[in-house]
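In the order they appear, the protein sequences are chains A and B. Its first residue numbered 1, the first sequence is counted upward by one per residue in my numbering. Its first residue numbered 1001, the second sequence is counted upward by one per residue in my numbering.
Read the hints as simulated data drawn from the structure, not as lab findings. Ideal Cβ positions, reconstructed from N, Cα and C, are used throughout, including at glycine. Check the hints yourself; a few may be wrong.
Said to hold, decoys possible - Some, not all, of what chain B presents toward chain A, calculated at C-beta under 10 Å:
no., residue
1, Pro1014
2, Thr1024
3, Tyr1036
4, Leu1046
5, Gln1094
6, Tyr1099
7, Lys1100
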Amino acid sequence: SQTIHQWPATLVQPVGSPLSLECTVEGTSNPNLYWYRQAAGRGLQLLFYSVGIGQISSEVPQNLSASRPQDRQFILSSKKLLLSDSGFYLCAWRTGEYSYNSPLHFGNGTRLTVT
Amino acid sequence: QKEVEQNSGPLSVPEGAIASLNCTYSDRVSQSFFWYRQYSGKSPELIMSIYSNGDKEDGRFTAQLNKASQYVSLLIRDSQPSDSATYLCAVNPQRSNDYKLSFGAGTTVTVRA
Chain A
1 SQTIHQWPAT LVQPVGSPLS LECTVEGTSN PNLYWYRQAA GRGLQLLFYS VGIGQISSEV
61 PQNLSASRPQ DRQFILSSKK LLLSDSGFYL CAWRTGEYSY NSPLHFGNGT RLTVT
Chain B
1001 QKEVEQNSGP LSVPEGAIAS LNCTYSDRVS QSFFWYRQYS GKSPELIMSI YSNGDKEDGR
1061 FTAQLNKASQ YVSLLIRDSQ PSDSATYLCA VNPQRSNDYK LSFGAGTTVT VRA
């Protein structure tokens, strides 16, 4: 069966510090990978998605970036965090084949607080 | 017009009652639809997928799809306090080069014991 791992679970970082969140998927190959952010009491905001190694699509211009160095690894980064970057960050995957009929499966999320 | 719209909520129902959640979508060519449950502080969890017009039942959950009306709903029968959560409707576009799932803002359900 497929599993998705996301870490860390919680993170408190000062403004201006760098960020690296990692997500890996097991039990599948060539998945579509996604990073979402959810502000407190708000809906899901798609940040990035990837349909293959090195292929990153950005949905929202901001100080975040994403990379996919391996087939089942997705990394979210920032060089300098802003207060507005606080939120609940969710990694998700779905099968790459016939993806338009497939649901997303979410990791447990990382709660980021920028102080 | 938002791509996916849900009841604004919150929805409060007594224990044992039926909770009815509604979702409309704007993209007429959409073909696959999903309901997620999100407990406070947790990540969304897939609870139902539906692809064809009509009803699909899974335990106490029933999803209903009407593509002509661009409407999908979720019924929770015999609601339990453990059903208290936010429910997200998600819609997949039927376009091979569109990899994004569209989510509604969610409806928060509270089941009163």
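Could you tell me which of the hints above the structure violates, numbers in ascending order? Result: hints 1, 2 break, sorted rising.
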